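Letter by letter, the chains look like this.
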Amino acid sequence: MWSFIARRLLASIPVYLGIILIVMAALRVSDPVNAYLGKNATKEQIELKRHAMGLDRPFAAQYVEFLGRIVTLDFGTQTRRYESWKYEGQNVGKKLAEAIGPSLSITLPELCLTTLVSITIGMLSAYYRGRWIDRWLMFLVVLGMSVSVLVFIVLGQKFGSSWLKSALGIGWFAASGYEPWLAWSKEPLWGVLPYPTRFALGTWAHYCLLPVLIYVVVAIGYDTRFYRAVMVEETTRDYITTAIAKGASKPKIMFAHMLKNALIPIITRVMITLPFLIAGSILLEYQFRIPGMGKLIIDAIKDRDFPIIQTFTAVFAGVFILSNILTDVLYALVDPRVRLS
Amino acid sequence: MSTTDPILSVRRLTVGFRTDLGAVTAVDDVSFDLAPGRTLAIVGESGCGKTVTSKAIMRLLPERTARIAPASEIILRDPELGPIDLAKASDSQMRDIRGSRIAMIFQEPMTSLNPVFRVGWQIEEALKYHTDLDARRRRERAIEMLRIVEIPSPEKRIDDYPHQMSGGMRQRVMIAIALCCEPAVLIADEPTTALDVTIQAQILELMAGLKQKLGTAIILITHNLGVVAQFCDEVMVMYAGRAIESAPIRDLFHHPRHPYTRALLDSIPKAGGRQHAKLPTIEGIVPSLYDLPKGCRFADRCAHRQDRCVAQEPTLDADASGRRVRCHFPLAQPRVAPSASARGGAA
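These protein sequence lines are chains A and B, in that order.
For the first sequence, counting from 1, position 194 maps to 194 in this note's numbering; every step adds exactly one.
For the second sequence, counting from 1, position 309 maps to 1309 in this note's numbering; every step adds exactly one.
In short, the hints are calculated from the structure, not lab data.
Mixed in with the good hints, there may be bad ones.
[Said to hold, decoys possible] In silico DSS-like pairs for lysine-lysine, Cα to Cα no more than 25 Å straight-line:
(1) K252/A - K1270/B
(2) K1088/B - K250/A
(3) K250/A - K1156/B
(4) K260/A - K1088/B
(5) K39/A - K86/A
None of the values given here were measured: they were computed from a predicted structure.
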């Protein structure tokens, strides 16, 4: 397996080089400095900025340098070229590192919760398909996904936060805002592994639980329908009949026989969404004023903050490739018929 | 084993299906007995109701579309549990019986095993539900079962996944699963149809040997009369949901009384037969269950048809020797006199 991972990583290097090449070239099709400074900027101002950012050097030199920065995950030391244009003095690496925490505080619990809930509902619905329990569950999840997320945000902020506080005196949920709820150790474990020193679950719930729940309500519709279809197919398999003929009970059939076979499509679906965890949710982060990745990248695009856009795109592509390799490894772990070679 | 009480008695079994095209009766008033340690073959063409009969006994029919008529009785006389009517047993009673008192093997060994679990796990699963054996004993028993079904080096193969085995091996594993709790009745639904001819023979030999060794009564569902001849005691022939003839195996082979049975036997290719001779076939097709004729269901295709056959359906009547046949004009009993001795020997 390790040789498989190594080979896959090696094989993705040219792919990644190509992606970076395309990203860098595409971002330079129209001059980023021009776009940032606007049409009233003088020629000298533009030249000055271009020189400061190293954009006047040959493309190849820029390409090699950027690759070096990605490999060392170092966006900032000894140069101003990886500084946010909008917020001068703040380097890109720091901006991204600050934004990833709040994003993951929302997206990671959301993904776990959505997946668990929709697999369970999908399995129940598939097993009792056509009966009232199936119809009601399907009705509810489709209702959840059919109503715009904006409606849930507005209702959530109004009733989940303001009304709960004013009418019942319960101040569990903040209407918006974010506070760090994890504090990391200064000294990483064994020199590499940082570990949390503070784990304020209450703070997390106060700011993040409401957006997570809203996200889940919207997302389970799509996921449940998918998992139900997967499970319906599983219920028709011959080995399910064999299991019944053996005397297996319904829970045993659902959670052992069906679930383990359904893991391949489940892994596929979960892993596809994995890279998007670091991208955050733009709408929720905006509406709840959470300083996450989605908000950062949208603001950067709005402000034409070139270094942030370029670096984020490169990092995102890297995460995508890694999660694809991880997916193949997981396939082999759950399905004995898949051989890694 | 007490006296000669049948281990399984099916009475008036009638199974209806609700379909998009309307209601059909797939099995219509079928009755038979299975004596302990004996083998009954249920023979017929596709769609004659033989598989539905077996699934009804196991209560494996789809709950929403299939219905066993209230008058039906499926009495299992298990020495430990006493008589139980499976047609009316509760779900939890059925769970205790399935895999333990009645077990089943299926037609498709390639898909009947769960692909993501080791075969050992799948054998041990049945033991987990029905015995008190601990994990180590279950594993020992699973290895023993693999040895009984003649899988070479069972200690190693127990950790194989199904895809690492051939079709014949997988069917052996299915048999091991079915027999690991020593059921009183084994239902084999076309167990060799999906296998190569050479493997077919091996599997049948294995089943015949196990029947001797374990004393399990077997219901063999098949469309292949050649398979039947090898190791069955009794045969019940079904046609369009009806039992049309039942007899001890030799009687049926030597003196079929129903014209359909006769036609089935004639359509078996014979080794050493005249070269280039055309194989006899049965003209016409099975009537649709949605639109059954008023008279005999086989009348349309019958060479001996008379007016009465079309007007009135015959009943399943027993003759003097206890053979049952559903025909107004059954074929003459022994065509050659001395063969009565052969019948005596079969019983």
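Against the structure, the hints come out as follows:
Restraint check: the Cα-Cα separation between K252/A and K1270/B comes to about 49 Å, which exceeds 25 Å; the hinted pair is violated. As the CA atoms of K1088/B and K250/A are separated by approximately 19 Å, the hinted pair is consistent with the 25 Å bound. Proximity of K250/A to K1156/B is assessed by CA-CA distance (about 31 Å); at most 25 Å being required, the pair is judged violated. Taking the CA atoms of K260/A and K1088/B, the gap is about 33 Å. The hint is violated against a cut of 25 Å.
Pair hint K39/A plus K86/A holds up; C-alpha atoms about 17 Å apart against a cutoff of 25 Å.
Hints 1, 3 and 4, counting from the list given before, are not met by this structure.
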